[in-house]
Amino acid sequence: MSMLYAALALVLTLVPRAWGTDIGIDTARGESFVLPPDLLEILNAPGDDGAPIIGAEERGYFNALPDHAKRQTAEAVSRELITTPQHLGEILSLGLASEKLERLMQDNCVLCHSNPDVHEGATLFSTDPTGVGSPAHMNLAEVVEDLHSRHGLSCAGCHGGDPAGFMDHDFPEEWPEDADIRKKDRSWIPQFCGRCHSNAAFMRRFNPALPTDQLAKYGASQHGRFLLDKKDSRAAQCVSCHGVHGIQGPNSPRSKVYPKNIPETCGACHASAEIMAGLTLADGSPMPTDQLDKYRDSVHGRALLERGDIGAAVCNDCHGNHAAMPPGVTSVGQICRTCHAGNGTLFDGSKHKEVFDRNGWPECGMCHGNHAISKTDDTMVGIGENSLCTGCHAQYAKHNPNCNETAAYFHDSIVELNHALETFEVRAERLAEKGLDVDLIADELNRLADLVKQARSYVHSFDSSDFRQVEDPGREVVRKMERLAEDAEDEYRARRTGLLVSVFLIGSVALFLYLKLRRMERPS
Amino acid sequence: MNTAGSCRGRQGWLDRRYDITPLIEFLRHKEVPLGAHSMVWYYLGGTTLFFFSVQIATGILLLMYYQPGEATAHESIRYITTKVPFGWLIRSVHCWSAHLMILSLLVHMFSTMMLKAYRPPRELTWISGFVLFALTLGFGFSGYLLPWNELAFFATVVGTDSVKSLPLIGHWLLEVLRGGQDVTINTLYRFFALHVVILPMSCFGLIGLHLLFVQRQGMAAPVGADHAPRGMKFFPNFAIRDLLLWLICLLALLVLAVFVPYGPTIPGMEWELGQKANPLAPAYPGIKPEWYFLWIYQLLKEFPPHLVGLEGPQVCILLVSVLMAVWALTPWLDREAQRNQDSPVFTDFGVALIFFFTFLMLKAWDIGALGGGQDPASLRAIAWTCGWWMLAIAVVVTAVRVLFLGDRWLVLSAAAVLHVVLHGIVGLSYLSAGAIAAGLAALPLAARLKSGVQPVVGGGAR
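Chains A and B supply the protein sequences, listed in that same order. Going by numbering that gives the first Met the number 0, the first residue of the first sequence is number 0, and it counts up by one from there. Going by numbering that gives the first Met the number 0, the first residue of the second sequence is number 0, and it counts up by one from there.
Since the hints were made in silico from the structure, they are not lab data. Idealized CB from N, CA, C, for every residue including glycine. There may be inaccurate statements among the hints.
Simulated DEER-style distance windows between Cβ atoms [to be verified]:
#	chain 1	residue 1	chain 2	residue 2	range
1	A	LEU499	B	ALA391	35 to 43 Å
2	A	GLY307	B	MET200	51 to 59 Å
3	B	ALA192	A	CYS338	51 to 59 Å
4	A	ARG518	B	PHE258	28 to 36 Å
5	B	ILE55	A	GLU485	35 to 43 Å
6	B	SER377	A	ASP184	57 to 65 Å
7	B	GLY179	A	THR83	52 to 60 Å
8	A	GLN221	B	PRO304	54 to 62 Å
9	B	ALA192	A	VAL500	33 to 41 Å
10	A	VAL500	B	VAL130	38 to 46 Å
11	A	LEU499	B	ALA192	35 to 43 Å
12	A	PHE32	B	GLU69	48 to 56 Å
13	B	GLU30	A	LEU514	22 to 30 Å
14	B	MET200	A	VAL500	32 to 40 Å
Subject to a maximum C-alpha distance of 27 Å in a straight line, what follows is the list of computed DSSO-like cross-link-like pairs (lysine-lysine) [to be verified]:
#	chain 1	residue 1	chain 2	residue 2
15	B	LYS82	A	LYS479
16	A	LYS433	B	LYS275
17	A	LYS230	A	LYS216
18	A	LYS452	A	LYS479
19	A	LYS397	A	LYS350
20	A	LYS182	A	LYS230
21	A	LYS515	B	LYS29
22	A	LYS183	A	LYS229
23	A	LYS374	A	LYS293
24	A	LYS374	A	LYS259
25	A	LYS293	A	LYS255
26	B	LYS82	A	LYS433
27	B	LYS287	A	LYS433
28	A	LYS352	A	LYS397
29	A	LYS515	B	LYS232
30	A	LYS183	A	LYS216
31	B	LYS163	B	LYS300
32	A	LYS255	A	LYS230
Could you build all of it, start to finish, from the sequences and the hints given here?
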């Protein structure tokens, strides 16, 4: 039987293998389209070592393409836009989906500008731009994936000219023809992108949900003021954040404005001492460049960058994007409330609110800071060494003994409830290991975990009677868990007693049998 | 017993109708042979039967509350263990008894192998026992899924997936087992039917046959003796001993169920209910089957995706099929035992198999892993640590065999140890080490078999 398996398996495995190993170029392969000789010549052109220049993987990819993609490739070759095996090999090495390859094969601009026989340096697209001396934005792999290109906006949309016509470059009037002017003063860029993006009627044709107020917002932003009013081309404009040839939608993880990439995108300028040189804050102090480092270590940064939580606050959540501005003292607390609404509401009802407003202190930022917001822990409240309260209170409320008392009460209650939570988790685990029913204890543990979380939030009321609204139920839950755990421990004792009785009964029967056997077999 | 008195009473009434006197006479004169080896091996069939009876009793009790179904399977087991009076005890005893039944069955089977009790005229007893062993593994595999928890779900996905390596029928069999392409609630329904109807019915019939064979032929006498030098009366002396052992087993079950309700919590021996299965959740790494399937799980891991033009798992399944076939056909292959002579080749084959299984099992437990990882360095460390452990075990076992049991033919077990050394300690791959060890063992094995194959004179032992 086993031999039969072996023979069958051998046949089943070897036969399909004999078919699938050919990676040569199929000229017809039973389909209607026959590859023309000029394309075949490029595909099969041998290198110095006699092997085809276009590698096996690329040839395998080409073989698997549908007929119409092959036909488009043949046409690009016949129009002499592709002339060398190196050029075709580089395009095939991209491994594009067939519809993207077809779009590329009809794009005269990119085909010509990626042909190293025709272009070089600044105007050559390549999969390795730095390797061939092109600027980084001339990346062939990126341009073929560009969002604009997918929606039909080809090179000519920005650079002018007629991609299907003659090779004349007819730049749009907003495009400064002189490259030096174009690069030194970038204030033309927002207007240039705004030609389409500020035109609601036009944008509706492609993405009706996309806002068209970016240009107006940009004008009101700090970046816009610097670029448009002061002509300071260090200021970020559209291209700085969205890129040039490889633009992706903001939901694409490849986009420079995808949440996980935003810290690096903003940090490209704001963490650079060279770019920020000479810029100052409103109070006249030099513009800091440590925000990115601080953010990476903050609770928000860790959530975003380490845990991949794209809901975590990132630069633009507090500063805005097109209308980017540093949030003022009056609005910073409101911005935190977009996520931390409960704490904000409790703070609004507290006696701190009025004092903070009177002194012009930033609400949340006063205790928690800004870019370097660290994960909270229970030592931050109370009168201990790490307390956030004592610093200000020693200065502004040293005559009020209630403050320290309340802070210590918050701290002690939270620590006690949390300790009960941890202790009962271990106790419940031990009971469960003994096979006891801990479902009810587990329910109460969940409730207590919620209440501890709420207690930490209720600190922001700065009022003991408010705080008791969660502390009292928490203590009740602890008492209930104590009763349940004792019941379970009683049950376990009952099981052991039952076992003891059973052992005694069964043991007695066994002993009786043993004695009977001995009596029976005693040599008489 | 007063036969004359009984004949006038109930027995007489029954005898007139069913002629039971010959049966009673048979039982009265039935003897268990006592001889060269310890009697302890004679009890293992009985303990297996005891654990099976416990399974039937506790299984029926569980069946009163268990409800197979997407929304009920897991919930009903939770209900049994938390709310039903003594439900926790019944489930725990059922689980412990299942594992102990398989353990006792394995020892029973290996002791039968070592004592050559399969030799003629007991070939059919061996075969029926072998089929019962396969059915028991089926019990284990099908019962494992019934609580419909995460661990069981993914272990069933992995376990059923391995049958697709069978040539030709693999994919068909996979769908039959799963009731579709994937493990779904349909799989649970058919495993349930298998576990509580098909397998028990098959087992009842086969156990009856197996017991009938044993009763008709009696227990095998030691090799070389036509008749056992001494005997012990089956009834009541042996039967009381059996009963005594069963009571001890029952006590052990109760103690284990109360103090270790979820098993020893090592991979393959734990049955905490855990989270309900979620077919949409991704499988987590380190899913392992029950301990008695660990060896095949590990063996599948040792095979590369492709080997000598075949798929690796196919070669693995072929190898396992060959081993199983040799095991099942042992009564016909072992010509020396047929002549009622010692057959050291098959004794050593049994020991080599134990080494082979144990080494794979140690490896499957990831003993010696670096940080629980499965990277090459960690796998190497596992092979190294398990290699040394296995070597230590093998040295002790071999010393006992040579010094106390007088075994001299050790080619196959030596090959198994060489395999362990070459793979675990020297660092060759599992398969190349196995190939070298098998190659070296083949020659002396062939020579021995050739000299051992002589015409059977006199038609066998008895």
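* Asked: What hints, given by number in increasing order, does this structure fail?
  -> none
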